[in-house]
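Here the protein sequences come in this chain order: A and B. Numbering of the first sequence is given in the working numbering, commencing with residue 18 and proceeding in unit increments. Numbering of the second sequence is given in the working numbering, commencing with residue 18 and proceeding in unit increments.
Mixed in with the good hints, there may be bad ones.
A pair holds if it fits inside one copy or across any two, identical chains being indistinguishable in the list.
[What the hints assert, rightly or not] Here are the computed lysine to any residue pairs in the SDA-like style, where the Cα-Cα straight-line distance is at most 20 Å:
1) LYS94 - ARG112
2) LYS94 - VAL55
3) LYS94 - ALA178
4) LYS94 - GLY135
5) LYS94 - GLN51
Calculated directly from the structure, the hints in this document are not laboratory data.
These are the residues of each chain, in order.
2 protein chains.
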Amino acid sequence: MAAPRAVLFDAYGTLFDVYSVALVAEQLFPGQGQALAVLWRDKQIEYTRLVTTSNDGAHYQPFWALTEAALRFACRKLDLPLTPAREQQLMNQYRHLSAFPENRRVLQALKALGVVTGILSNGDPQMLGVAVRSAGLSDLLDHVLSVDAVRRYKTHPAAYALGTDATGLPASQVLFVSSNAWDALGATWFGYRTLWVNRWQQPFEALGTPPTREGSSLDDVLSFFDTAS
Amino acid sequence: MAAPRAVLFDAYGTLFDVYSVALVAEQLFPGQGQALAVLWRDKQIEYTRLVTTSNDGAHYQPFWALTEAALRFACRKLDLPLTPAREQQLMNQYRHLSAFPENRRVLQALKALGVVTGILSNGDPQMLGVAVRSAGLSDLLDHVLSVDAVRRYKTHPAAYALGTDATGLPASQVLFVSSNAWDALGATWFGYRTLWVNRWQQPFEALGTPPTREGSSLDDVLSFFDTAS
């Protein structure tokens, strides 16, 4: 099979390390940081699904707003006192995430191969813009695509179609990379070739469709190009 | 405002007590029963959303199959050895749930008021049939509606529309009752009057739309009829 002509990356957890969020949560709420980070993330994703599925997306809110709502819910549920200052400190972590160390190397290798590169993320354009600039990735990405353009979150097909529309390629010629199993699954269902970056040795979703490949870091993206060109 | 002319109930967690599932999980996996029950339930709901949102429902599987898939995932994730016998034992709990004790009384009161009653559930028809018969509620329910008819899980509007279609009433004249906050939210967005049965003093979803009312048991359904007729 020919090598992919474009590679699209999920952002949060895939290109950008969200672990620092848990560290700040632990500083603010000692002993509860991990529980808060997990519930916050779960709720953030749950809210993207609720607003996408209900009434055909009529209740859409940008990712930043859903992230804030999820934080407020998580603190109420865990009975943690979320002052405005603490909320601002935690939310700011989402603006200034560090990139995983192998990112630049992998993106540079893809550019050297002439492969189109991009992000396809639930994040809203402002969040993504700051994250890409902070990580110094601007010159290595041809596309920074936010689902905000279609007001539907992944795994809605309108969200994944942003990638085929932007690249002008059929999904089968595009590799979609995500460290979120549900995202790798949704992209596989959409028709993309997929790499699930399983950084923490988790089981894949049990819905019967595997990703094209599974890897442990972004370096495994390059395995799709080993025998090609 | 006039009293509702029909009351539709969510099934799992609302009419039927899923707590026994956690008890069996704890017997099978001592010290891990609660964690398994929570993850299993979360994953079950997550899977309903993934198959509903992706590719316009093309990956639909009935609730029983998703419940089984979620159990398998949860055991893998928690590193619990799920033998076929254990799987069967846990799945059987979903077939034979007990009803909350106030159910019959509330349904009888509604029938005495001439109110149309029903279930509107993610469960597939077979699961619901067994549960309703086991709980002895068959004679008190005018409708037992499964989202299987439209192959879209709640909170998809096609799922909620089963209730207006079956009753022939506008959503504003129907009370939808759920102990799941996300379900009460989705039903409110759809246009139903809603009661969130908050049995465990949880915070409501932080997405800006409250249910019509909040209660602590199904008895609170009757509060919608206090000043009417």
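We went through each hint and held it up to the structure:
1. In this assembly of identical chains, the alpha carbons of LYS94 and ARG112 never lie at most 20 Å apart, being 24 Å within a copy and 30 Å across copies at closest.
2. Within a single copy, LYS94 and VAL55 get their C-alpha atoms as close as 12 Å, and across copies as close as 15 Å, so both meet the 20 Å cut-off.
3. Neither within a single protomer nor between protomers do LYS94 and ALA178 lie at most 20 Å apart by alpha-carbon distance, with minima of 36 Å and 31 Å respectively.
4. Proximity of LYS94 to GLY135 under the C-alpha cut-off of 20 Å is found in neither arrangement, the shortest distances being 36 Å within a copy and 31 Å between copies.
5. For a Cα distance limit of 20 Å, the shortest separation of LYS94 from GLN51 qualifies both inside one copy, at 14 Å, and across copies, at 17 Å.
The structure fails to meet hints 1, 3, 4 from the earlier list, while all remaining hints are met.
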